Every structure is written in C-alpha cells, then in structure tokens.
Amino acid sequence: MNKLKSVETRYMEERGKFFHDLKNLDRRSFLKVSAAAMGAAVASGVMPSHSFQSISVAQGSAAFRFAYISDSHLYEKKINDRFVRSLLRAVEDVNNLDAQPDFVFYGGDLAQLGQPKELELGAQILKDVKAPIKMMVGEHDWYFDMGQKWRDLFGKPTYSWDYKGIHFVTLNSVVERDFWTRRGLTPMERMMTVAGLDNGVQSPFSVGQEQRQWLRKDLAAYSDETPLIVFSHSPLYKLYKKWNFWTDDADEVQAILKRFKQVVVIHGHTHQLLTNRIGNIHFHGMLSTAWPWPYAPEGMPELTVEMNRPDPFNPNDGCGDGQVHVHADGLVDKVYSLWNRGPITVSKAYTASWGRQSVPPKPNRASY
Amino acid sequence: MRRISIVSQVGFVLLYIACVSMATILAGCSEQVELTTCDGTGKATVAKNATGQVLADGLMDQWKRDHPDRDWVTEEKERHELKPPADNSALLEGGQAEGHTYGQHDRRDLLLWARETEKFALEGSRIFHSGELLGSTVAVSCDMCHPHAANTHPETYPKFQSQLGRVVLLRDMVNWCIEHPVRGKRLEADDPAMRALEAYILAQRSGAVMNYGKH
Chain A
1 MNKLKSVETR
11 YMEERGKFFH
21 DLKNLDRRSF
31 LKVSAAAMGA
41 AVASGVMPSH
51 SFQSISVAQG
61 SAAFRFAYIS
71 DSHLYEKKIN
81 DRFVRSLLRA
91 VEDVNNLDAQ
101 PDFVFYGGDL
111 AQLGQPKELE
121 LGAQILKDVK
131 APIKMMVGEH
141 DWYFDMGQKW
151 RDLFGKPTYS
161 WDYKGIHFVT
171 LNSVVERDFW
181 TRRGLTPMER
191 MMTVAGLDNG
201 VQSPFSVGQE
211 QRQWLRKDLA
221 AYSDETPLIV
231 FSHSPLYKLY
241 KKWNFWTDDA
251 DEVQAILKRF
261 KQVVVIHGHT
271 HQLLTNRIGN
281 IHFHGMLSTA
291 WPWPYAPEGM
301 PELTVEMNRP
311 DPFNPNDGCG
321 DGQVHVHADG
331 LVDKVYSLWN
341 RGPITVSKAY
351 TASWGRQSVP
361 PKPNRASY
Chain B
1 MRRISIVSQV
11 GFVLLYIACV
21 SMATILAGCS
31 EQVELTTCDG
41 TGKATVAKNA
51 TGQVLADGLM
61 DQWKRDHPDR
71 DWVTEEKERH
81 ELKPPADNSA
91 LLEGGQAEGH
101 TYGQHDRRDL
111 LLWARETEKF
121 ALEGSRIFHS
131 GELLGSTVAV
141 SCDMCHPHAA
151 NTHPETYPKF
161 QSQLGRVVLL
171 RDMVNWCIEH
181 PVRGKRLEAD
191 DPAMRALEAY
201 ILAQRSGAVM
211 NYGKH
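In order, the protein sequences belong to chains A and B.
For the first sequence, my numbering gives the first residue as 1, with consecutive numbering after it.
For the second sequence, my numbering gives the first residue as 1, with consecutive numbering after it.
No lab work stands behind these hints, which were simulated from the structure alone.
Please note: incorrect hints may appear among the correct ones.
Claimed, not checked - Taking lysine-lysine pairs in the DSSO-like style, the calculated list, with each CA pair at most 30 Å apart, reads:
hint, chain 1, residue 1, chain 2, residue 2
1, B, K83, A, K242
2, B, K214, A, K242
3, A, K242, B, K77
Predicted model only: the values in this text are computed from it and were never measured.
Please construct the entire structure, taking both the sequences and the accompanying hints into account.
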C-alpha cells in the first residue's frame, strides 16, 4: 500500500525539508531562501501564500491527545480514486504528527455504498495508521448488508472503554426503521436510498431502545463525576431532519447522559465545523476527508462558528482531519485540521463559557 | 429525456382497464391463458378461471413491471423534496375578468401550470441526483455536495468567477461542476439536461432575492 505518494504528500515532504533546512541558515540567507521558496510555491499554484503559517497547535494543559479521521466515503479505487487518495492523505497526516496521538478515532462512513470491497479497501488503508485505531460505523457502511461485513472487519459497533480517567463510549446512532421491506427494495436499492443525504424515503436515524438499554447499564457503574466522551456518527441532537443531521431519540439519550458533570459528544456525518452545547453536554463535529457539506438552512446551534464556504475549484478545500486535546476534567479542545487552510481550534474555554471566551475566528465567506 | 407525458400514461392505464374486460371473455376455459397486453409489448399469464378483478390486477402488475418509470413524478417528489411552484390562486379573484378575454383562467389551468412546471424541475432533480444520468465517470452526483441544491446560489449570477477569469452564468458553473467534481462531459446550453438542471436549481431557491454579482 501507499507506494504512490499523493501530490499533497510530496508537497508536504518538500515543505518539511525546506523548513528543516531553514534551521541551519543565517538570517540573510534565510530571507533569500524563504522568499524564493515561497515565491516558487505560490507561483506554481501549489498553495496560497497565507498557508505558510505555523500549524502547530498549543497543547496547553491537555492531559492527552487523540486524532480523528472521518467520512471517507470510499468507492473501489477503479471507480473513483479521489476519495481513496484523500484517506491516504489523512493517514499520512496523523502518522506525521510530531508526538504520536494516543489513539486515532475513525468517525464512520468509511465506505460509500457499504460494499465489502470498499470496506476492505478502507480497512487495508487504515492498517497503516501507527497509533491504535478505534472504529465507529456510519450509515454508508451499514445498509448494504446490515453491517455484516463491517462487523466482520471491525467487531461490535457499540462498545466502551476507560482511558486515563475518562470513560469513552462508541454508539451506532444510524439505526433506521425498516422502510425497505414494504417497498420491496433490494439491498443495493436500500443502500442507495440511505446514501442520499436529501433522500426523504429513508427514516430518521436513532440509537434505539436496545442500545439505550445497553448505555444505561454501561454507565451505571460510573459516578456523576466521571468525565464522559461519547462518539456517535450523527449528531446526538436534533439539528436538521431533512438531511439526518439528527438523531430521533436524542432527547432520551441526552437524558441518560445528563447526570454526568462533563460530557463531550464527538460526531461525524456533518462534514463541517459544528459546535453545540446542551446543558453539560458539549458537542463537536468532525471533518470529512471526501467532501464538505453545506450548512443546514435552519436550526443552526448558536455556538457554531461556521467554516468558510469551500472553494469549488479545490477538491480538498473544506475537507481534512483533526485532533482532540483532552483535559483532565474531560473537556476538550477540538482541532479542525482543514486541508489548504490554517487549522481552527474550538477550545474548551469557548464551550465552557457558552461562547463568551476564546471565540474562534469568524468566516469571511459565510453560508447563505 | 422522457417522452411519455403524464397525460399519455393515464391514457395507457385506461386502455388497460378496457382491455381487461376483453381478456376476461377471451380467457374462456383453458387451464392457463397467456394474454398480450394491449400495447403489444408485454405478456401476462393467468389462471383460466381467474375472476375479472384478479385478471385486471395481474395485467396491471405486469404493465407496472414493464414500465418501472410509470410513476416517476410521484416517486421523484417523494425521494427528493421540491419546493412548490408559486401560488397563482389570486388570478381567480377580482371582478375585472368580466369582458376581458386575456387571462381567463380557471382552477384547471392553474393545476396544469403547476404540474407541468414541477415536472420540469423534477426531471432536473432526477439528473442532479444521478451520477449515471450526469454521465459521471467517478460515480459522483451533484447532491453529494449540494443536498436539495444547497450552496448553488442561482440568484447570484451573472458574477465574476475569478478562477475562470470572466463573468459567468449559472450554466457555466453547472458545467464546471459537471467537468470537475463529477468528471463528466459538459452540456450545451440548450441541452435538455442542462435546461432541466437549471430548472431544478432555480426552483429550489424559490423566494431568494435576486442579487447578481454576490459572492
């Protein structure tokens, strides 16, 4: 795998070497080299000039850090190689992190149409991740064979673990009511229906009775003081039903989480910078490696500072991966490592102060 | 593009019902009868002693199997929500229509306009949501990045697209997205597929204020 380096990787390697070499120069030569290199890179159109900024993010008082990759929507390589290259890029990103993250979380929708070959390709690529990896399922992984292949490859979709004083939970929040039997849909037709974000024939997502029961049991042993980090593919709140930016039984799930003093929910599916807080539950979205989604036309959470509308002329713009810096109290700084842009951090201080402090920079190309 | 209009589809169905009664008589007393559907394109086999209703259902089911597209308007609308066209009911009000030959419309006209206009936009919706109909070589369709045509902003054209170095119209950006993210072949301005795509994108932005040049 990975014998072919993407354009981006080659660029990053050259850039890394350039900055490394810089350390060994005196100031005058520095200015010369720097100007020349920057001029060349900008002229060649590889990068806009403003991207020559520091991409190191202060880790501050964080206790530990994990990285995330999400929503790669892989087709088989012979059908579409672009999404494959994007996932390769994300894997290189997390492998290149200065200090390795404690683990890498994969946020769901590894496949586009739940095909065994798509999932196998994804699993193969993710094998190259150096840090331990945790997997979550998305609707695109599930509705061709109802999760059979995904479970064969990655195990149970619902599980929990303890790490450095935090209790982590991963849910399958994309459970849909059976809309296919009555319509006599084939597995592929069912998958195609679910794969359309704006397809109104499918049912809303939910966590479902069974998993809520499991969650209640799983949490029973933990005191209200235990910091909790929950992963769900869809946001565990009700944002915009028509695109399933939504979990139908979100209120019931939130009620189970409510007694805990610090809860962070990290979700995929929305392919954008998205922030919300309901009571003690702080919600953060994840970026996609494949494509960005527009913002919902209504119902946006007040705390969300939108990311700039993506550049249609750059297929990687608005995509990316990121990191989560976990503090000892369980709250997090959420880093959105946007490709072709500077990273944006939504800090613990921002959600803890209900948006009064550490406000992330506002977009200059807001959605409308 | 589809050629069978709704009206002719309804015609077909009526024809079938007429033909069912004939078929019932013809079924006679053999064990199984094979019936040719009235358009001559399909065959249905039914038990010899089938009642009229069973026979009618059998023929209708066969016709439906032969014409999976028969209900495409209803189905497309159910799959992909479309904003409704403008309400013209005010045209039916007021007293000056008396003696004025222009603009004499009744409820049926309004219904026809609404249906036909919606159908035009829905054809665009089908193309917008299908990599196959778009001729994508990478299985990508517009809805993957523009659900319900979000972020297509037809009201902002014409505008200067600096990446293209000139002022462009909506169809130029549609073509750009067809050639690049979708990796298909660009469409002529009067291509039925382009007209349908424009119809859908404009319909979905109903109510937005025209604002040419906005970025």
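Status of each hint after checking the structure:
Our distance criterion of 30 Å between C-alpha atoms is met by B:K83 and A:K242, whose separation comes to about 13 Å. Simply put, B:K214 and A:K242 have alpha-carbon atoms about 27 Å apart, close enough for the 30 Å limit, and the pair holds. Restraint check for A:K242 and B:K77: satisfied, since their Cα atoms lie roughly 14 Å apart, inside the 30 Å limit.
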